[in-house]
Amino acid sequence: MPKVSFPLIMSGLSLLLLLTVISSTGLGYIPISASEVLSSILSRLSGTIPFDLDQTQQAVIMDVRLPRVLTAALVGGGLAMAGAIFQAILLNPLADPYTLGVSSGAAFGAALALILNMTLLGGYSVPMFAFVGALSAVFAVLALAASDRNYAANSLILAGVIISAILSAGIGFIKYLADEQVSVIIFWLMGSFAARSWSDVGMVLAATIITLLTSLFYGRDLNIMSLGLRSSDSLGVDTARTRKTLLIIASLITAISVSVSGIIGFIGLIIPHLMRFIIGPDNRKLIPASCLAGATLLLVADTISRAVLPREVPIGVLTALIGGPFFCLIFKQKQLGAR
Amino acid sequence: MTELFSIDNISCAYGNQKVLHELSFSLTPGLFYGLIGPNGSGKTTLLDLILGNLTPHCGEVRFKDREVTQYSRRELAKEIALVPQDFRINFDFTVFDVVMMGRHPHIRRFANPSDNDHDIVNNVLAELEIDNLKNRLITQLSGGEKQRVIIARALAQNTPVLILDEATSSLDIQHSLQIFQVLKERSQAHGATIVAAIHDLNFAAAYCDTIILLNQGRLTTIGPPPKVLNAERLQQVFAIDCHAYLEPFSGAHQIAYRY
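Residue numbers (our numbering), protein chains in the order written: chain P, -6 to 332; chain H, 3 to 261.
The following block holds chain P by itself, in its conformation from the complex (with noise of 0.2 Å):
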């Protein structure tokens, strides 16, 4: 494994997510340069009225495109935390952040505001279903697997598929119901970070702070679960205590996540395994280089689909066009490598 230095991935990582966020910002039907986005951005933090900027570049940068790149990049980073988070509570390396049922439970709720036509809170109140949806979801595995007093990992995966094989018929019952709005209801689950705004941003930078800052204080104990129940808890960790704060804090993002953008997989998967490969099992830098990369890749590919494709493809759909060949890679080297 070639060993490079923590903070000069880190500083990397970094710069390469902030060259990504200045360039996707320019990108699109109105190409604007880099030095452009950069003064607009400075001089609306500075406060200072630019001069020198076209009106309707400074409103496409600042309404339009900052918001959307800016919660995919936050949407990418969470998922990637959340990844590498039920990674380490579940002792399985290819666990992701919808193992649990979140995504299930989050696309039961949206569907469910769908078909009842929910206009309570506005054009919120899909994407609030979705979450109190996918919450639900997680605290229905967490009582199904509680009469386990350890959370043991897998009573935990084994609840997470009986809600999900629950919650994807009713899923299906809503489809068969809806008729024609059905459509409406497959495009939604798909993904998508179209008219997002800076409520949106807001929602998921602090969701992205919170467990950014519960997974580093947590980080040690995190890699001594590694080494199983009966010896984290030896070794002076209250490893059940710790598994359901995590989980629940994982669990909060993914949900926040989805119910912005919709379903996105692979991300929680890839990322975490990539940055295992670069920096090793160490859960204090694996987190926070899984955020960095997460958000990255997923900002790549959300320009990707609104820039450079003919037509915009979903976004759910194009990470897993990527991810998944990708994952039967690394799962075919890991058969080969166990052998």
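Treat the hints as calculated values from the structure; they're not laboratory data. As the structure is a computational prediction, the values presented were derived from the model and not from experiment. Mixed in with the good hints there might be a few duds.
[As the list claims (entries may be wrong)] A short list of chain P residues far from chain H (calculated; beta carbon distances all over 12 Å):
1) P0
2) S26
3) S36
4) T41
5) L109
6) V125
7) S161
8) I167
9) L198
10) R234
11) T238
12) G258
13) V293
14) I315
[Said to hold, decoys possible] Covered stretches of chain H (in silico footprint by chain P; criterion: 3 or more residues with CB under 8 Å from a CB of chain P, positions within the stretch not fixed):
15) 84 to 95
16) 238 to 248
All residues carry an ideal CB built from backbone N, CA and C; glycine is no exception.
With chain P fixed as given, assemble chain H onto it according to the hints.
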């Protein structure tokens, strides 16, 4: 001498299945205890009770002055180390990292390991002769090598009490002898108390000061090896035909089996 653990009339059950029946005994500091019994006799459950992982349904396990379940995880981790039966690890930590995890209860949350922590880890690696594996990935080691790393991790925890659950199950004879030698040394020279569940009766007889014999969840006897491990009792508990004698080459009490 004051007792380190006193186990007072404990019973334990999983659902309707009663696993331990009214056990009472105490453990004296500095002795090497061997926990012996057929499969399913309740050895691991008893170890879990001593570790504070389980609460007995009646009776109590006292460690020093308090009930063991009243200590925080961290407090206990500074006193008692465990070598578990199961040692699968799915993540690519290096051997050094895994052994350093043994220092966890002694290192503050955001602090880095001190020079002292490094010295302790390096000494344990040298003691078990696995310093050549130091930078290897734990996932790439053989079963026996992994088990030695896990034992090293528990030794690095540097606790007055060490509990081992079948800790030499994957080791060859050379390394089994080495581990028992190291444990004996810890107990005799450093006053550590050791409680080890052991399947090999001859190892138990050769190394332990006191044997705790369990059968069907009950304490059959507790005492020095020659007293506990006699042919008649082993016949009774394990249903085997055997002969116990003082073996002249090793000078230890040993058991010979009719094959």
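Comparing the hints with the structure gives:
no.: 1; hint: P0; verdict: holds (15 Å)
no.: 2; hint: S26; verdict: holds (43 Å)
no.: 3; hint: S36; verdict: holds (39 Å)
no.: 4; hint: T41; verdict: holds (40 Å)
no.: 5; hint: L109; verdict: holds (43 Å)
no.: 6; hint: V125; verdict: holds (33 Å)
no.: 7; hint: S161; verdict: holds (28 Å)
no.: 8; hint: I167; verdict: holds (37 Å)
no.: 9; hint: L198; verdict: holds (24 Å)
no.: 10; hint: R234; verdict: violated (9 Å)
no.: 11; hint: T238; verdict: holds (14 Å)
no.: 12; hint: G258; verdict: holds (22 Å)
no.: 13; hint: V293; verdict: holds (27 Å)
no.: 14; hint: I315; verdict: holds (25 Å)
no.: 15; hint: 84 to 95; verdict: holds (count 10)
no.: 16; hint: 238 to 248; verdict: violated (count 0)
When held up to the earlier numbered hints, the structure conflicts with 10, 16 and fits the remainder.
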